[in-house]
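Generate coordinates for the entire structure from the input sequences, incorporating the hints supplied.
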Amino acid sequence: MDKKNNSPLYWPWLPAAFALAGIIVFIFATFGPPASSSGFVSLIKGAVQTVAPEYVENNPHYATMPDTGSWLFAFVLGMAIGGFAAGRTGSIPVRDIPEIWEKRFGTSRIKRFAATFAGGFIILFASRLAGGCTLGLFISGSTQLAVSGLYFGVLIFAVAMVTARLVYGNTGKEE
Amino acid sequence: MGSEIWLGLLSGIAFGFVIQRVGASNADKMARAHLMMESDIPKFMLMAVILSAVGLLGLEAAGVANTRVLPTSLVATGAAGILFGIGWGFCGYCPGTTWAAVGEGRMDAVFALIGGLAGAAVFAHLHEFFIPLLYDPFNVGQITLADWTGSRPAAVVLLVFIFGLCIGAIHFLWKGKNGGQTP
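One line per chain: the protein sequences are D and S, in this order. With my numbering applied, the first sequence has no gaps in its numbers, which climb one by one up to 857 at the end. With my numbering applied, the second sequence has no gaps in its numbers, which climb one by one up to 179 at the end.
By construction, these hints were calculated from the structure, which means they are not laboratory data. Where a beta carbon is used, it is the ideal one built from N, C-alpha and C, also for glycine.
Per label pair, the in silico range of CB-to-CB distance: (1) S:58 / D:776: 37 to 43 Å; (2) D:786 / S:165: 26 to 32 Å; (3) D:732 / S:161: 45 to 51 Å.
What follows is the structure in structure tokens.
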């Protein structure tokens, strides 16, 4: 049944790339390099400064980033709305646990949620160390011909491919 | 400020819509891409960069581009790339796709989002320790391909060539040809 998940449910990659590039160019014209890990910082900054304003004021990382009243936060919030709208108007099945994960590790939600919490923690920690993520550093950076984006891009793809092999082994291969 | 927020929201909605429809917010598809079983998502990402780079060149010619190149820190950018790859390969989400997946209603993405907020908070707390240790001493500045090619258009041509080769390699090396979806 999983083999069917490629049929007309998903947009073909080439027109989708044109659509995404149009949006990215629009963002470069109206704002600057798009980013999404910054939205996490904006949200956490907005939250923490309501309880500990002095801590946020003296923290050099929060100093570099606006709080929730910003393009950066509006953008990630918009992505959630866009994901919602696309999900509701399309027919891509929504699952709490990806098929391939379920095949490898079973149906335990706790296990999957713990894994994505850890994964989310790692990718944001790393993004903040580099100054950006897949979008803010790799896509935005490479679009601007930045060596930082290309260097980061090569590493994230290579290491993710090795990690996925270690995590999933031969799961899915037998299909 | 008001218009900035509306622009951000609008851009985000469009971006989230497209990445959901192409399947990038689906961690199953992302894992299959990493396992070289489906080539759609990586080809989509690389092609989007090619087209954006050409578009940005046009914006620059028109004088309406807002650019900001992040510096390269050999150690910090490299270590972060390795760490990020581990997290991405492990959970199948990257920061942007997490938001779209949460909007879709994927519960595991909600936990990725919470974990991400925690990771950002912990890094912010340790910023003063890590940045002078790993970032600053190895920062080689805001270097771009244009520093080597001499001109930005030539650098874009080089980028298009390299990314085009990558797309071709992915197309032939990845197992699935994606069920007739390839145009």
